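Colleague: Using the sequences and the accompanying hints, generate a full structural model.
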Amino acid sequence: MLVVDDEPQIGTAIRRALRAQHEVTVAESGEAALAVLECDTQWDLVLCDLTMPEIDGLVVYDRIRDGHPSLAGSFALMTGDRTRRHADLVLRPAVPVLDKPFDQSTLRAFVRTRLRAQ
Numbered sequence: 084m085l086v087v088d089d090e091p092q093i094g095t096a097i098r099r100a101l102r103a104q105h106e107v108t109v110a111e112s113g114e115a116a117l118a119v120l121e122c123d124t125q126w127d128l129v130l131c132d133l134t135m136p137e138i139d140g141l142v143v144y145d146r147i148r149d150g151h152p153s154l155a156g157s158f159a160l161m162t163g164d165r166t167r168r169h170a171d172l173v174l175r176p177a178v179p180v181l182d183k184p185f186d187q188s189t190l191r192a193f194v195r196t197r198l199r200a201q
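Counted the way our numbering counts, the sequence shown spans residues 84 to 201.
What the hints contain is simulated information worked out from the structure, not anything from laboratory work.
Be careful, since some hints might not be right.
[To be verified] What follows is a set of in silico ranges between Cβ atoms, one per label pair, in the way DEER data are often shown: (1) Q187 x R148: 25 to 31 Å; (2) P184 x D149: 30 to 36 Å; (3) G156 x E121: 14 to 20 Å; (4) D186 x E121: 30 to 36 Å.
Since the structure is predicted, the reported quantities are computational estimates derived from the model, not experimental observations.
Note that the Cβ used here is the ideal one computed from N, Cα and C, for glycine as well.
Modeller: Have a look at this one:
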């Protein structure tokens, strides 16, 4: 799974929470995520922060959807910004969202649900 978050401590925490069951790669920006995705599109799940500087989660999603449509169904967003979530995601209702803050059990349940849905 690919985790994208511009806050290194969040990426590290997610990796620690999931590493017993999943192989987790962390990208610390939208730009880094797109570079990884250009080289490898075989991801079971891409869990991407919505609000990041320069290239945010919606731009990452739109580029995946346009360039690698088969991967778009494996994409999910994370956000603590409920105002932005409602404003921006109304046009993308198929993108699942994990609300921040979350605990390890919520994260693990979300990941299990997303992986089963594919």
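Colleague: Are the hints correct? Go through all of them and say.
Modeller: Cross-check of the supplied hints:
no.	hint	in the structure
1	Q187 x R148: 25 to 31 Å	holds (29 Å)
2	P184 x D149: 30 to 36 Å	holds (31 Å)
3	G156 x E121: 14 to 20 Å	holds (19 Å)
4	D186 x E121: 30 to 36 Å	holds (33 Å)
Hint compliance for this structure: every hint is met.
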